[in-house]
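J.: Below, each chain spelled out in residue letters.
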Amino acid sequence: MRLLEYQAKSLFKSYSVPVPEGVVVDSLQAAVEAGRSLGYPVVLKAQLPLGGRGKAGLIKSVREESEMGSAFSSIFGRTVQGLSVDKILVEPFFNHESEMYVSYTENRSERCFSIVVSPAGGIDVEQVKEKFMANFGLDGPTDEIISQATKYLGLPSSALSKCSSLLKALYSAFNGSEAELVEINPLVYSSKNGFMALDAKVILDDNALFRHPELKPYLPHDISVEEAEKFGFNFVPLDGEVAVVGNGAGLVLSTLDMVASRGLSAACFLDLGGGASPDRVRAALQLLSSALPNMKALFVNVFGGITNSVSVAEGFLDVKRSGYLTKPFFLRLSGAGELEARDLLKKNGINSFIEIEHALDALEEWGRK
Amino acid sequence: MKSSILSDWLTGRVEPRNAKVLVQGITGRYGRLHAEMMKAYGTNIVAGTSPGKAGEFVAGIPVFNDCRAAVKAWGAEVSVVFVPAPHYLEAVTEAFEAGVNLVVGITERVPVRDTLRSIDLAKKYGGHIIGPNTPGIILPGQIKLGIMPVQPFLPGGAVVLSRSGTLTYEISNYLKKEGLGIFVALGVGGDPVNSTNFIECLDMVRENPHVDSIALIGEIGGDAEERVADFVLETKFPKRVAAYIAGRSAPREKKMGHAGAIIMGEAGTVESKEKALNRAGIPVARMPWELPALLKSKK
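If you're matching them up, the sequences are chains H and A in order. Note that my numbering numbers the first sequence so that position 80 is 80, with each residue one more than the last. Numbers given in my numbering equal positions in the second sequence, counted from 1, plus 1000.
I should point out that these hints are in silico values taken from the structure, not numbers from a laboratory.
Mimicking DSSO-like on lysine-lysine, the simulated pairs with C-alpha atoms at most 30 Å apart in a straight line are:
1. A:K1254 - H:K216
2. H:K168 - A:K1123
3. A:K1254 - H:K60
4. H:K55 - A:K1275
5. H:K129 - A:K1254
6. H:K131 - A:K1254
7. A:K1124 - H:K168
8. H:K230 - A:K1053
9. A:K1254 - H:K201
10. H:K320 - H:K347
11. A:K1254 - H:K230
12. A:K1275 - H:K131
13. H:K201 - H:K151
14. H:K201 - H:K162
15. H:K168 - H:K151
16. H:K129 - A:K1275
17. A:K1176 - A:K1275
18. A:K1254 - H:K87
19. H:K129 - H:K55
20. H:K168 - H:K13
On the chain A side, residues computed to face chain H include the following (Cβ under 7 Å):
21. G1165
22. K1254
23. G1257
Computed from a prediction, not measured in an experiment: that's the story for all the values here. Idealized CB from N, CA, C, for every residue including glycine.
In isolation and in its complexed conformation, chain H is listed as follows (with noise of 0.2 Å):
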């Protein structure tokens, strides 16, 4: 799970690693408010979970007060990839000398973690050349990569040890509190005022939670997704048409795709686990029909193996009679009882298929019209 920028940095704060002093609001007056006690000039950041904020205009820089209303209107309540701005954060603007660039992550394919650091911060790591990257272990990394990494910075030879500590005070935060990355984009540094986090980006390990209840007050409220969790599913909302939902997450997934192909888009990915029951199934259709009042129609693929197609097929039987399924839906039960499953949708006047590409098929022919 990724952090808002201010739980980041609040969670950075509580690790001793600088951040500015800043303000979270949610409505102009507040924001005014804000100014006047930071003091002009300030900078208003949309508190979104994206990367890319100041190029799709979610940060602004503002002189003066009166400049603040217009400023705060063109960032609050705008929508971008599907989220709302309903939060921004006001923070005093730092003058500095040089921008960089500390993180460290989990590094999947060596199974370590690595820190990578750059003197040329406030862009997109990945477009730089120049950078400094080490692997280390479950013990942390070494005094002798911290000081490498430090050196690798190229400050001047009095901000070495502060540097130094600041990235251990980082590392302190990553593996507190379990985190699959810390970033700081930019880091930046003055002779005058030290070191400053300008930017936090965390994105935390969702299964380590559990041993952190500190954590807790940052996790976002998603109804739907929670509820979603107490069944075991495995709920994504996305901004298409038809609900695909299917048992394991790489069959849902790929069932996406055959979407896709078919000129259609997604309005959700929903993986039912294991034990498609009557039980889960209606569940998982109360869930999408009060999450995705705009879907249009559904697509179900169940490859039968442990749970039998017939119970699948049960299941649908059961949330028809009660008259959840009030949309289109496209049926394809595959695997163990297949046939049996067709014929006793089939005796109930529901059509159903075995092979993908026939549900696809019906799907796509829909859509056309």
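Add chain A to chain H, keeping to what the hints say.
T.: For chain A alone, kept in the frame of chain H given last:
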């Protein structure tokens, strides 16, 4: 290559049929169900563990409090782990300390740092872990260690390596329809970090005389598929490899079910993986049902 149970099996040196297997977390709903199903397939399950449940039986399998007691009584060398995520690391540690050499970690939602610690342990003991978050491993006609259904898996010469469970079943079923059998199907796991990865598996089956081709089932996120491409090129891998990668239409920066299935910036896209694989001469199927034809065509 240093000998371990997994390498003995994957190189084709040893038939796994009679390996003695332990099930950790056997009294849970899931552990019980799959212990029975594995046993029904012919897997030699000799014991199970569950703290405080010593003396009970599950499907005729004796239950012990811990691995040490189970291994002492029955000599298991392989363990299939069903315990909840908060106890996963403890369970794996206990297994290796008791002398188990191969652990199959079915457990989902294991913190990455626990996975990393368990990998260090496996190295220390000269064993392997498959997973976590894996459907397991099946050598059709020999042994089933995991939660996969058995219908899709015919014995034969293909190796299926996958980051996904149901896609493995689906694609193995397509192989079956084309008359292609499987030597081993192994799920490396859906997490960002896999205890045994694609390359280690490929290296083990490299000279296996029973194996003729490899079906690689990947998905968005990370660079495991790109690394396979480099490995196949650099080591002149001698067997036919074909791939399918799920997630072509997935949005960026969103976890799509599996913890490992996430595109970060430009990294982890299907396009990047496809490009790397094609450069290594590995064809990539657009749809799952196209994979058998790619495996059959001559290299």
